[in-house]
Amino acid sequence: MATRSETSKSFEKFRKNLISARTARRIGGVAIFVIAWQLAADAGIPGIENVPKPSAWIAESIDYVQTEDYYLSVLGSMRRVASGYVIAAGAGIPLGLFMGLKIAFKNWTFPTFEILRPVPPIAWIPLAVIMFPTVESSVLFLIFIGAFFPIVINTMLGVLTIPTYVAHAASSLGARGKDHFRHVILPGVTPAMITGLAIGMGLTWDMVVAAEMVAGGHGLGYNLWYSYILLQYDRVILFMVSVGAAGYLYSAVVRKMGGKYVKWRQMV
Amino acid sequence: METDGIMSGEEKSYSSMSLKDVWKVYQSFGRTVVALKGINFEVPKGKLTCLVGPSGSGKTVIINMMAGYETPDGGQVLMDGKPVGGPGPERIVVYQETALLPWKTLMENTTFGPLMQKKISKKEAIKRAQALIDKSGLTGFEKKFPYQLSGGMQRRSELIRALINDPKVLLMDEPLRGLDAMTRQIMQDYVIKLYEETKTTMLFITSDIDEAIYLADTVYFLTQSPGFIKDKMEITLPRPRTSDVLITKEYNEFLAKAIDIVMAEKEFI
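Protein chains in written order, with this note's numbering: chain Z, 1 to 268; chain F, 1 to 269.
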């Protein structure tokens, strides 16, 4: 009985979510945008008249999205972003923590970091090409650069925003060393760290497209540019939409994973 | 909200603390600012001592030095006659802002001290925490995070998080500031009951003269920048103390005297 009511409950929840007002508004919003685009193109509004109409590029894309070519370029970019991003998080989080916790370490590293940080990630493209032997490693490096700086700076600032009296109280209660780090610093820094991870994730898609356009070989950015050269504007749109969708998916994953660790925060 | 038997009838040993000619100096924009100028006072064992002072009189600095977060630039902070070291569970601070760990539930916050000090098992810690939670009228909120508790509940949570460690001295830095009048009155009674039942050595810092006289055995008056103790008053109101005392002649005499002391300072500011 319990299982049955559980099942029917979860089905009820599923049904509710499927047609909830929230979902309807979300889908509706996208639909309105596409329809407006179609109408604007049909009406021949300057600028937009040269952009492929949704009706045209969607029809043209249906066959193409089923090809191995397309599939590999989506997968290629997604894999590159994931690898570069994981390296950036793996290096950026410890560095940010160290800079926030050890004032001497911050003194040594922060000025260099702050000089490099404002350099737009795309300005690293020439260096990335010179520095690395393969296209693949250059692209990975550029993705890394995109995500690295926001992750470090937000993690560092996260350490500094932990209220002194909370850290003091924990040390009076006996939290020392490793325990203090695990129970006070790490959870305290998490919200800011997640912000950094989310901003970093956004920048990785900037970077993968830029890098692939310049040096790519394959991937969404490469194909986007290549289609443009071949005057296949329908595909340009398709690749743009693909980048957007993949970026949305990745950011949603980061938000979802991040949300699990900040349940203690008041959501406003 | 009962406090009966909070310390479960065991015999506890408490400590006294004292400050001997304590100075604290800060550098601010290249200028030297004297925050505390030769502070002397006693927090006797098993007594509730209040320190009254306006904002900017260095009250929090005094608490920070007693807790061991800061060190004096001159003089000594003593516990049972010996200079205090770093922070530890024998001297616990309760703050005006909630210093509960926001990422831990009420139960996790309450058991935090015992688990960090690793003196008792987790099972034992939960058992003791539950008893304290029940006694403080917080039953049912064990799994709530601090932001889900009201202001009064947060203060009570913080008090029991301190008490579970059997502190030898409880240092309270304006713990009731920012509460609405009603909750504040209830919390004052809670603090009195807590003190009278446990006889824990307490230092209670406040900027409210009424509150100080209502709670304390001894009130010290602190002046503003640089802070120093300008006067002291023994409050001989009877214990157990209840809110009935607030309408007595004795209470009002203490209050009048205290206001004179505080106003005298205003003349030369």
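Treat the hints with care, as some may be off.
Looking from chain Z toward chain F, a few residues come up when the C-beta cut is under 10 Å (computed) [unchecked claim]:
no.: 1; residue: ALA24
no.: 2; residue: HIS168
no.: 3; residue: LEU173
Quick partial rundown of chain F residues pointing at chain Z, CB under 8 Å, derived from the structure [what the hints assert, rightly or not]:
no.: 4; residue: ALA67
no.: 5; residue: TYR69
no.: 6; residue: GLY85
no.: 7; residue: PRO89
no.: 8; residue: ILE92
no.: 9; residue: GLU97
no.: 10; residue: PRO102
no.: 11; residue: TRP103
no.: 12; residue: GLY113
no.: 13; residue: MET116
no.: 14; residue: GLN117
Covered by chain F, per the in silico footprint, the following chain Z stretches (three or more residues, Cβ under 8 Å) [what the hints assert, rightly or not]:
no.: 15; region: 155-167
no.: 16; region: 239-252
Calculated from the structure, these hints are not laboratory results. Glycine residues also receive a C-beta, built at the ideal position from the N, C-alpha and C atoms.
Do the hints match the structure? See the list:
The beta carbon of ALA24/Z comes no nearer than 31 Å to any beta carbon in chain F, farther than 10 Å, and the hint placing it at the interface is violated. Against a cut-off of 10 Å between C-beta atoms, the interface hint on HIS168/Z holds, since the closest Cβ of chain F lies about 5 Å away. The beta carbon of LEU173/Z is positioned within 10 Å of a beta carbon in chain F (closest approach about 4 Å), and the interface hint is therefore held. Below 8 Å, beta-carbon pairs count as interface contacts, and ALA67/F has one with chain Z at about 6 Å; its hint therefore holds.
Because the closest C-beta pair between TYR69/F and chain Z is about 5 Å apart, less than 8 Å, the hint holds. At about 12 Å, the closest approach between the beta carbon of GLY85/F and any beta carbon in chain Z exceeds 8 Å, and the interface hint on this residue is violated. Contact between PRO89/F and chain Z, as hinted, is supported at the beta carbon level, the nearest pair being about 5 Å apart and thus within 8 Å. Below 8 Å, beta-carbon pairs count as interface contacts, and ILE92/F has one with chain Z at about 5 Å; its hint therefore holds.
Because the smallest distance between the Cβ of GLU97/F and any Cβ of chain Z comes to about 6 Å, under 8 Å, the interface hint for this residue holds. A cut of 8 Å between beta carbons decides the hint on PRO102/F: the least distance to chain Z is about 6 Å, and the hint holds. A distance limit of 8 Å between C-beta atoms decides the matter here; for TRP103/F the minimum to chain Z is near 4 Å, and the interface restraint holds. At about 4 Å, the closest approach between the beta carbon of GLY113/F and any beta carbon in chain Z falls short of 8 Å, and the interface hint on this residue holds.
Interface restraint check: MET116/F against chain Z, minimum CB-CB distance 4 Å, threshold 8 Å, status holds. Given hint, GLN117/F at the interface with chain Z, holds; its Cβ is 4 Å from that chain's nearest Cβ, closer than 8 Å. Coverage of a stretch by a chain is defined here by at least three residues with a beta carbon nearer than 8 Å to that chain's beta carbons; for the region 155-167 of chain Z and chain F the count is 3, and the condition holds. Figure legend: the region 239-252 of chain Z, annotated as covered by chain F; annotation inconsistent (0 residues with Cβ-Cβ distances under 8 Å, at least 3 required).
Checked against the numbered hints listed earlier, the structure breaks hints 1, 6, 16; every other hint is satisfied.
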